[in-house]
Amino acid sequence: MGHAIAFYLISALILGFAVLVVSTRNTVHAVLFLVLNFLAVAALYVLLTAQFLAVIQVMVYAGGIVVLYLFVVMLVNLKRPPEDHSSPQRRGWLGVGLGALVLAQLAAILVWGGVGTPADPYTMQNSDLALNNVERIGMLLYTDYLVPFELASMLLLVAMVGAIILAKREL
Amino acid sequence: MIDTYLIPLIKILFVLNATLIAVTYMVLLERKVIAWVQVRLGPMRVGPYGILQPIADAVKLILKEDITPARADKWVFTAAPIIVMVPALITFAVIPFGGTVNLFGREMPLYITDINVGLLYIVSVASIGVYGIILGGWASNSKFPLLASLRASAQLISYEVAVTMTLVSLIITAGSLSMVKIVEAQLTSGLWFIFVQPVAFVLFFIGGLAETNRAPFDMAEAEQELTGGFHTEYSGMRFALFFLAEYANMIVVSSVATTLFLGGWLRPFPNLEALSFLGFVPGWMWFLLKTFVFLYIFLWVRATLPRYRYDQLMRLGWKVLIPIAIANVVVTGIVKVLL
Amino acid sequence: MITPTHYMLLSALLFMIGVMGVLLRRNIIVIFMSIELILNAVNINLIAFSYQLQDGIGQVFAIFVIAVAAAEAAVGLGIILAFYRNKETVNIDEMNLMRW
Numbered sequence: 138m139g140h141a142i143a144f145y146l147i148s149a150l151i152l153g154f155a156v157l158v159v160s161t162r163n164t165v166h167a168v169l170f171l172v173l174n175f176l177a178v179a180a181l182y183v184l185l186t187a188q189f190l191a192v193i194q195v196m197v198y199a200g201g202i203v204v205l206y207l208f209v210v211m212l213v214n215l216k217r218p219p220e221d222h223s224s225p226q227r228r229g230w231l232g233v234g235l236g237a238l239v240l241a242q243l244a245a246i247l248v249w250g251g252v253g254t255p256a257d258p259y260t261m262q263n264s265d266l267a268l269n270n271v272e273r274i275g276m277l278l279y280t281d282y283l284v285p286f287e288l289a290s291m292l293l294l295v296a297m298v299g300a301i302i303l304a305k306r307e308l
Numbered sequence: 007m008i009d010t011y012l013i014p015l016i017k018i019l020f021v022l023n024a025t026l027i028a029v030t031y032m033v034l035l036e037r038k039v040i041a042w043v044q045v046r047l048g049p050m051r052v053g054p055y056g057i058l059q060p061i062a063d064a065v066k067l068i069l070k071e072d073i074t075p076a077r078a079d080k081w082v083f084t085a086a087p088i089i090v091m092v093p094a095l096i097t098f099a100v101i102p103f104g105g106t107v108n109l110f111g112r113e114m115p116l117y118i119t120d121i122n123v124g125l126l127y128i129v130s131v132a133s134i135g136v137y138g139i140i141l142g143g144w145a146s147n148s149k150f151p152l153l154a155s156l157r158a159s160a161q162l163i164s165y166e167v168a169v170t171m172t173l174v175s176l177i178i179t180a181g182s183l184s185m186v187k188i189v190e191a192q193l194t195s196g197l198w199f200i201f202v203q204p205v206a207f208v209l210f211f212i213g214g215l216a217e218t219n220r221a222p223f224d225m226a227e228a229e230q231e232l233t234g235g236f237h238t239e240y241s242g243m244r245f246a247l248f249f250l251a252e253y254a255n256m257i258v259v260s261s262v263a264t265t266l267f268l269g270g271w272l273r274p275f276p277n278l279e280a281l282s283f284l285g286f287v288p289g290w291m292w293f294l295l296k297t298f299v300f301l302y303i304f305l306w307v308r309a310t311l312p313r314y315r316y317d318q319l320m321r322l323g324w325k326v327l328i329p330i331a332i333a334n335v336v337v338t339g340i341v342k343v344l345l
Numbered sequence: 007m008i009t010p011t012h013y014m015l016l017s018a019l020l021f022m023i024g025v026m027g028v029l030l031r032r033n034i035i036v037i038f039m040s041i042e043l044i045l046n047a048v049n050i051n052l053i054a055f056s057y058q059l060q061d062g063i064g065q066v067f068a069i070f071v072i073a074v075a076a077a078e079a080a081v082g083l084g085i086i087l088a089f090y091r092n093k094e095t096v097n098i099d100e101m102n103l104m105r106w
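Protein chains in written order, with the working numbering: chain A, 138 to 308; chain B, 7 to 345; chain C, 7 to 106.
Isolated chain A, as found in the complex:
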């Protein structure tokens, strides 16, 4: 029961902050709502006994990527808000309608499809993966998925070099 209350509360926070992110006029406020959204998602990960991923989410997403966004927002801050005039080719209502239609389809598939029996929280939270989370993930990362791990590190190196070159003033 506590599990259900926590789930509904955290999902309300996640969805609420997400809606605020896409609808706020002020960009700095949108970035702050994004941080709160990521913190709520990290709380959801803790509920799902993925503790390592929760702290990685806070450290990398909320503490790294969004700081980057905040810097860029501060550097490109313009005198006027950038969406003053609306272009006549834009049909916002069509986007909202189509999105709602896709969402209804997804919801229908999910609800009528069903995904088997719900898990018993006690056994799930005391399983090997939940109690020794870091060790299990570490073992997987370094044995079965070593090649993707090394590729991810190369990707990060390439991204770092690329970002530095793109943002330099004189090449």
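These aren't lab readings, by the way, just hints derived from the structure by calculation.
One or more hints might be untrue.
Said to hold, decoys possible - Among chain B residues calculated to face chain A with C-beta under 10 Å, some are:
1) I68
2) F150
3) L152
Unchecked claim - Where chain C lies over chain A, by a calculated footprint (3+ residues, C-beta under 8 Å):
4) 149-162
5) 172-184
6) 189-196
7) 254-262
8) 287-301
Glycine included, each C-beta is placed from N, C-alpha and C at the ideal position.
Starting from the known structure of chain A, arrange chains B and C on it as the hints suggest.
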């Protein structure tokens, strides 16, 4: 029911109160220590030997006029000091102040909780604290605080990388991310980790100085630089929160350094039978003593060293500390495999 | 009882909010942030199934998604900065230098 809710609540209240009182008296301690280094006496008027000075400071700051700049972003302006203070306080949830004692007939561990990713939790919470500084400078809607806050946050995120790399080598040595298990690893190996990883200790200390914006890395908030840094436009209680958050961060870094390097609540050479007469000192007292030593070193360094220039600071973080930290990780890994 | 269907519905809702953000907003930084919302929705799905099936692969995949998101955010923001230096705007309707 009592064990899951009431006892942690009591512990949390106790730790929060103790921290806030400690932070307030750190202000006085800093002024006294720096004064003694400079062969003068420091605050002496309020109370005997200036003991009541922090109370006078608190009263003054509460009674000051609360100014918000004209076109500042009101919500963000108010939220920024809170965002700096809260991560410093919630870190204390995972720091072990002592082992398990027997109080009122029940076995009580002297820490609020022990999560299996404790060390990463501390690092991630510290990375949230950067937001308060960026937002404090931004929300002031004024040029000098904005520049100072950008400098301060760039400094913080650079040294965060160095500190995290240092902690990786420590995790390899201890074999676990949980703070309590790290202290127990020091118990089983019989040596504090400062003897096993001296390079990591120096790096962590320098990184901790930079992470808490303390001298010699306090360029972002010193009065002579950029007219007072990112908290120029703050007055009254909000400035007090920024100020106290810095001291709370200092206490956090000292506690973490104590737990990781000086063996937490263990006495010196915990496995040596010849020194077991030192066992009469309880664990939490050893912890407080070691944390206090670190705090004193923080104040000593501030009184002694001149300030780094910004480009020297960034060069130190990226070109010196990070390569040494990575080399430390490699060497630790090799030694751990060979031994 | 919270079944994986609940988590998938949450993930689908978050995904659609992100897609609406990409479609409806014109500030390119908000568009990038909506893309991060989409990636988070995918992560929630992965980890919910890792919890249900007690297999660590879901969490490992989510780690890689976070790493890729970090790389993409860095490069994307570099591009925005470079563009802003040339044209002084962040409105995507005005980013039409390569149009016919």
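How the hints compare with the structure:
1. Taken as an interface hint, I68 of chain B does not check out: its beta carbon lies about 27 Å from the nearest beta carbon of chain A, beyond 10 Å.
2. Among the interface hints, the one on F150 of chain B is violated; its C-beta lies about 15 Å from the nearest C-beta in chain A, farther than the 10 Å criterion.
3. The interface hint given for L152 of chain B holds, since its Cβ lies 7 Å from the closest Cβ of chain A, which is under the 10 Å cut-off.
4. With a threshold of 8 Å between beta carbons, the proposed coverage of the segment 149-162 of chain A by chain C holds, since 6 of its residues qualify and at least three are required.
5. For the segment 172-184 of chain A, the proposed coverage by chain C is satisfied: 5 residues have a C-beta within less than 8 Å of a C-beta in that chain, meeting the threshold of three.
6. Figure legend: the segment 189-196 of chain A, annotated as covered by chain C; annotation consistent (4 residues with Cβ-Cβ distances under 8 Å, at least 3 required).
7. Against chain C, the segment 254-262 of chain A contributes 4 residues with a C-beta closer than 8 Å to a partner C-beta. That satisfies the three-residue criterion, and the hint holds.
8. With 9 residues having a beta carbon nearer than 8 Å to a beta carbon of chain C, the segment 287-301 of chain A meets the requirement of three or more and the stated coverage holds.
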